[in-house]
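Here are the chains, one letter per residue:
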Amino acid sequence: MPILTFKGGVHPPEKKHFTKDKPFEKLPLPDFVYLFTTNHLGAPAKPIVKEGDQVKTGQLVAEATGSISANIHSSVTGEVVGIESFINASTGRKDNAIVIKRSSEDVWEYIEHDENFKRFSKEELINIVKKAGIVGLGGAMFPSHVKLSVPENKKIEYLIINGAECEPYITVDDMMMRTYTEEIIKGIKIIEYIVNPQKIYLGIEGNKPEAIKIMKNALKNENIEVAVLKTKYPQGAEKQLIKAITKREVPSGGLPIDAGALVFNVSTTYAIYDAVINGKPLVERGITLSGGVKKPGNYWFRIGTKVSDLLNQVELVEEEKIDRIIYGGPMMGIPLPNVDLPTFKGNNAITILTKEELPQKHEYPCIRCASCVKACPIGLQPYYLKKLADSRKNDIAQENGIMDCIECGACSYICPSNIELVKTFKTTKKVIKAIQRRRG
Amino acid sequence: MKLSTEAAPHFRTTNTTRKIMIDVLISLIPAVIASTWIFGFRALFIMLFSMVFAEMLDFSIVRFLRKQKDHIPDFSASVTGLLLGMNLSLAVNWWQIMLGVIVAIILAKQVFGGLGQNFFNPALVGRAFMLISFPTAMTTWYVPFYYQNPDIITSASPLGIITQEGMNTVLQNYTYWDMFIGRIPGSIGEVSALALIVGFIYLVAKSRIKLMIPVSYIGTVLIFSSIFYMVDPTKFGTPLFHLLAGGLILGALFMATDMVTSPMSIKGQFVFGMGAGILTMIIRFFGSYPEGVSFSILIMNAFVPLIDDWLKPKIYGTTEGEIKHA
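Line order of the protein sequences matches chains A and B. Counting in the working numbering, the first sequence runs from 1 upward without gaps. Counting in the working numbering, the second sequence runs from 1 upward without gaps.
Here chain A stands alone, though its shape is the one from the complex (with noise of 0.2 Å):
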């Protein structure tokens, strides 16, 4: 079988061997717990416990309010002592939190389950996700749930999941599908029975070969194929994803759904099988926590865990050495200002960066080497959007497709002159959407 890929892309150097034959630990549970109220997309969800409140493990303390927000439940079993406010690295702004402090050993509560999902009807399992508060935890976060109500008039052709996992250093999904192998199949098949698929895929990059057999092999008998992917950066992007496995574009504008596909992450596909099967709500997932620590590796840990508390579990290297701390991988993560903070569902790596691994950078003008069309995975000219971003002709770069970035960094990446391409463009998007919400 042809390995499977898209235009474009780089090659950043890969740094998966510090954790890519760990397996999974449990991380000790945290005396406090940070649950944000926007722990997704869309509006933040209401609080429904105040302090004082005792509450179980798995229990509802926030409710889902708009129509792409998430239900969100205590990760410890406690007392409430409040509601913070904290930076909140996945929207940029200061959110509130609802904090926990952990009073007992962990006892649960659990949302309706049962091990025979056949069971429910296909609504009542989409209510089951809606319950236990599940989101992309690829790092999108967007509820789940709003993914499965397909509706009425669309088909879904491809069911995609997606073990791509194309960010330097992160290897939780790798692990994932090599140790919970038969309950992501599990979790794949509940999907399965929820949208009806013509064809279901699951694509993993050729760097996991271990992944791959394990899942070609439990998946024999299965209508479930294995697509084997190029080890390229952004991979594991939904639009290259479904490109490279199916050969169609989601329109630009458009979902996943308006070509025919949806896509969830295997990370996702576990959650989902946790709460129909186990009746658990997302409470906690897998993590890698990688670079600059003595302990690389992957663990189990509990939403909401300040990441001070997951650093202490693994140990820095000396202080001296760490440049930056950041929520996810090297590509796309989000710096964090401090270790103080809370983390959240879409957490799929905390990444150590010391400065022997981050290169002076010297900016040089723009050369016009191409370099950055080159790598653009949506065909993009990453220099041109620069030039009309920096003198403000947003209508232009609207033209030319700037709300269609993805944000993957393969430009700024590749660029020998050191220019920050898609820093500018987050910049102008969020302008020029602020602009459109103005005009209404």
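Because the hints were derived from the structure by calculation, they are not lab data. For each residue, glycine too, the CB sits at the ideal point set by N, CA and C. Some hints here could point you the wrong way.
Said to hold, decoys possible - EDC-like cross-link-like pairs, simulated, lysine to aspartate or glutamate; straight-line CA separation at most 20 Å:
| id | chain 1 | residue 1 | chain 2 | residue 2 |
| --- | --- | --- | --- | --- |
| 1 | B | Lys-2 | A | Glu-356 |
| 2 | A | Lys-393 | B | Asp-308 |
| 3 | A | Lys-46 | A | Asp-21 |
| 4 | B | Lys-314 | A | Glu-399 |
| 5 | A | Lys-56 | A | Glu-123 |
| 6 | B | Lys-2 | A | Glu-320 |
| 7 | A | Lys-131 | A | Asp-114 |
| 8 | A | Lys-220 | A | Asp-258 |
| 9 | A | Lys-295 | A | Glu-357 |
| 10 | B | Lys-69 | A | Glu-363 |
| 11 | A | Lys-426 | A | Glu-407 |
| 12 | A | Lys-423 | B | Asp-308 |
What the hints assert, rightly or not - Derived list of chain A stretches under chain B, where covered just means 3 residues or more per stretch with a C-beta under 8 Å from a C-beta of chain B:
| id | region |
| --- | --- |
| 13 | 249–255 |
| 14 | 323–331 |
| 15 | 375–386 |
The hints should help you fit chain B onto chain A, whose structure is shown.
Frame of chain A, contents of chain B only:
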């Protein structure tokens, strides 16, 4: 603990503009050696003088006129200077070279805003200026190894011969092998196709070049000259002759591919190369001046903004040519 909050991507390529320019310089070494072997140390002096003076001039302008105190030489001016030197005749003298370099660096590059801002290939602008100002010196071609045999020093270049006397006379004087390894009169750095191709392979191996341009440029020349060859082989010459005689290889591999002055998209690069190929052949067949490479590239340089505007890559999720409105 003090944490940096610089924006993603946190990883960057180790490639730099400076490394690109150094690689271009490295890729020209075989041609410089070949030229020195064929035309003697005077050729080496011209190339080095042009290169060093160009870099010094560029550096002084950026450092002292633009007052960029932290400017680190990126060696783009060295590339310009070396290429200009390679495009000269052995008959030019030092002050003529200096004037050529001044035009190349100041008029063609720095007045537009410096590196990356110019529309025309600076080395070719410098050469065009010298050709107009010093026509005799610029079109006096020394014969290869004249330093070993001082009886005959200058001769017409193969392209000059074909224009005057036809293909048969060319083949009486030179074999294709002569043309391939560089035993022909011509500009200092253009004569050895072999040496230029060796350097080019290095650039391709390091992905330092817009590859579509040489492919479409040379392809167009071969197709165009094949058609004319079928019309009148003795008058127009063979496709292989047009490939090897004159500055096509140097122009297509190292001048037309100048990153700053060529299109960004693959489609644009294809059209750019094709246009340069057609213009080269029109000038060679119908012009009063036997060589068309320099002027064809300069003319195509002028079209680059239009080409870039017209031939954009297809955006994912749109159909070809679709204009997007907000």
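Hint by hint, here is what the structure shows:
no.	hint	verdict
1	Lys-2(B) / Glu-356(A)	holds, 16 Å
2	Lys-393(A) / Asp-308(B)	holds, 17 Å
3	Lys-46(A) / Asp-21(A)	violated, 40 Å
4	Lys-314(B) / Glu-399(A)	holds, 13 Å
5	Lys-56(A) / Glu-123(A)	violated, 27 Å
6	Lys-2(B) / Glu-320(A)	holds, 9 Å
7	Lys-131(A) / Asp-114(A)	holds, 15 Å
8	Lys-220(A) / Asp-258(A)	violated, 30 Å
9	Lys-295(A) / Glu-357(A)	holds, 18 Å
10	Lys-69(B) / Glu-363(A)	holds, 14 Å
11	Lys-426(A) / Glu-407(A)	holds, 7 Å
12	Lys-423(A) / Asp-308(B)	violated, 23 Å
13	249–255	holds (count 6)
14	323–331	holds (count 6)
15	375–386	holds (count 8)
Violated hints, listed in ascending order, are 3, 5, 8, 12; each of the other numbered hints is respected by the structure.
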